[in-house]
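Undergrad: Sequence:
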Amino acid sequence: MAQGLNKAYERLVEVAVTALHEREPGRLWPLLGTALTDVCGGEAVVHKLDDWSEYEGTVGMAPDAAARELGRLRDSDLALLRAGYPLAGHYTARPDRTPVTAYRAARHDWPDSPTARLLGDALDVDHVLGVPLPGSSAPITGCLVYRSGTDFTDDHLTMAERAQPLLAGVERQRQLLEQWRRSLAAAGAPDERAADCALTPRETTVLLLLADALTADAIGRRLGISARTVHKHVENVYRKLGTRDRVGTVLRAQRLGLVPSPGTQGPCAGPF
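Counting in our numbering, the sequence shown runs without a single skipped number right up to 563 at its last residue.
Take these hints with a grain of salt, some might be off.
Stated by the list, open to error - Ranges of calculated distance between the beta carbons of each label pair, as one might list FRET restraints:
#: 1; residue 1: G533; residue 2: D366; range: 51 to 59 Å
#: 2; residue 1: S404; residue 2: A489; range: 32 to 40 Å
#: 3; residue 1: K298; residue 2: R546; range: 24 to 32 Å
#: 4; residue 1: Q294; residue 2: D387; range: 24 to 32 Å
#: 5; residue 1: D412; residue 2: K298; range: 33 to 41 Å
Stated by the list, open to error - Only pairs whose alpha carbons sit at most 20 Å apart, straight line, appear in this in silico EDC-like list of lysine to aspartate or glutamate:
#: 6; residue 1: K298; residue 2: E313
#: 7; residue 1: K298; residue 2: D329
#: 8; residue 1: K523; residue 2: D503
#: 9; residue 1: K523; residue 2: D508
#: 10; residue 1: K298; residue 2: E334
#: 11; residue 1: K298; residue 2: D415
#: 12; residue 1: K523; residue 2: E452
#: 13; residue 1: K531; residue 2: E313
#: 14; residue 1: K298; residue 2: D412
#: 15; residue 1: K298; residue 2: D445
These are calculated hints, taken from the structure and not from any lab test.
Here the structure is a predicted model, which is why all the values come from computation and not from measurement.
Backbone N, C-alpha and C define an ideal beta-carbon position, used for all residues, glycine too.
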């Protein structure tokens with residue numbers, strides 16, 4: 292069984308690495324969400340990002356067939372689904388972010404709940420597994436994995452817990468790319484400029500944080516990688532931009548329109 296978990300985790304790591312090389316931030320979670328569904332024994336997954344409530348906030352679903360069913364829900368049904376019973380209350384009441392299923396959180400109250408009945412009617416699923424992002428606070432962000440038949444097993448929960456750092460890394464990457472695109476949208480086509488310089492999306496995010504005057508250790512903490520890995524990315528950025536130090540690299544990146552110039556709001560303003 293341990294061998295099976297390791298293979299599932301290796302597959303998820305491969306998908307996460309692929310996601311981190313994706314230039315379009317909107318594609319990161321669909322890529323990872325589909326893989327998470329498979330390795331956690333589910334059939335569909337909702338990923339909930341940013342400030343999320345019953346009536347607003349970014350929500351996506353995989354696979355596409357489930358997303359279409361989600362789009363057919365009435366506003367009142369969608370609000371019930373977004374309320375996240377009983378997992379939202381479970382995680383809001385405690386700091387623990389360990390994955391848990393709806394049945395384990397609510398016990399016998401779950402099968403007869405309005406949310407369980409809605410899921411059965413709309414998506415033909417019976418159980419929900421909550422996989423929150425580590426460190427997220429109210430409103431809780433992360434994924435809800437859905438499954439029909441029996442509840443998720445202990446191995447599924449173990450797999451979900453092992454996946455949490457990967458999910459957090461992809462979400463940090465998405466936030467940086469989204470902020471970068473917004474801050475440079477008026478300057479032309481930053482994606483194409485980064486591609487012209489042969490910068491990968493990961494190298495681009497390291498460059499953004501480098502321009503924000505973060506140390507290698509701080510960049511590593513922000514992205515969930517080691518300082519040694521950060522230094523490797525920085526070396527690649529230097530080589531591709533033809534520079535030798537941080538100041539020269541940031542100045543050249545500003546001239547190329549890869550990062551905001553002085554006097555404009557940086558893409559990394561504000562805490563995550």
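Undergrad: Under the constraints set out in the numbered hints, which ones does this structure not fulfil?
TA: 2, 3, 6, 11, 12 and 14
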